[in-house]
Amino acid sequence: MTDPAVGGDPRRSRVRYFSPIAEVPFCGHATIALAVALSTRIGAGTVAFDTPVGPVVIETEGEGVQTKASFTAIEPRINTFSAGVLAELLGLLRIAEEDLDPAFPPRIAYSGNWHPVLFIAHRQVFDSLDFDPDAVRQLMNVNNWTTVSVLQRLAEQEFEARNLFPVGVMAEDPATGSAAAAVGGYLRILGLVEPPAKIFIQQGRHVGRPGLLTVTIPPTGGIMVSGTAALIPNPLPPVGG
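Just so we're aligned, residue 1 is where the sequence shown starts under this note's numbering, counting upward by one.
Everything hinted at is true.
Here are the in silico distance ranges between beta carbons for each label pair:
1) Leu231 <-> Asp101: 34 to 44 Å
2) Leu154 <-> Gly7: 40 to 50 Å
3) Val169 <-> Gly191: 33 to 43 Å
4) Gly7 <-> Leu231: 21 to 31 Å
5) Glu59 <-> Glu97: 33 to 43 Å
Just so you know, these hints were derived from the structure itself, not from any lab. Cβ coordinates follow ideal geometry from the N, Cα and C atoms, glycine included.
Build out the structure end to end from the sequences listed, making use of the hints.
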C-alpha cells in the first residue's frame with residue numbers, strides 16, 4: 001500500500017507492506033519492485049520510502065527489464081535463541097543439530113524484521129528440507145519472526161538461501177530482501193566477513209523462481225541489498241472496457 005508524493009515530493013512515498021494474512025513491518029523484495037515500478041513513471045534515480053520501521057532510501061538505475069534497485073536497510077542487530085526455541089525449530093524443520101554448519105552459529109537477525117538464520121552444512125539436507133507449514137507458522141507467530149532463513153555457503157562470497165514463509169498457499173519465499181539484509185548484518189556483527197564486503201545470495205531455485213540478491217556490507221550502518229524486478233503487463237482490462 002503506497003501513499004505517493006509525500007509533501008508534494010514525487011520521489012518520496014509512505015509505504016506499508018502486507019502478506020496474504022497480515023501486515024509486516026518491512027518487505028525488501030516489495031521495496032525493490034515498487035522502486036522499479038516508480039522508476040518507469042518518474043525516471044531512475046533516488047527515491048525514499050517512509051516505512052513502519054523508518055525511512056528507507058532506494059537507488060534505481062537503468063530502464064525497463066534492465067532496471068536495478070538498491071535499498072539500504074536500517075541498522076542490523078542479532079539475538080540468541082531463547083532456551084528450547086532453537087531445539088523446537090530444528091525439530092519442526094526435521095534438522096539435526098549436527099546438520100548445522102559449525103562455522104555459522106544459529107542466531108536471530110534483524111534488519112527491519114526478525115529472521116532466524118540457520119546455516120546447513122550438507123547439500124542433501126538443504127535441498128530436501130521438509131516441514132509442516134502450519135506448525136512452523138505457529139512458532140513464527142509466537143516469536144515475531146517474519147521468515148526462517150535457511151542458508152548454505154557455496155563459495156567464499158556466495159550463498160544460497162531458502163526463506164520459509166508459510167502463509168496461505170505459500171510455504172517458501174522466492175526472494176527476501178529483508179532477510180538478505182539481516183544475513184549481511186549477522187555476518188558483520190559476528191565477524192564472519194571483513195567489511196567493506198559484498199556477498200551474493202541465490203534464492204528461489206526450490207520454488208521455480210531462481211534469482212540473485214547482491215548484499216553490500218559496509219563497516220557501519222545499514223546493509224545494502226540490490227536486485228532487479230520482473231515487469232508484468234497489467235492483466236486487467238481498462239476501466240469501462
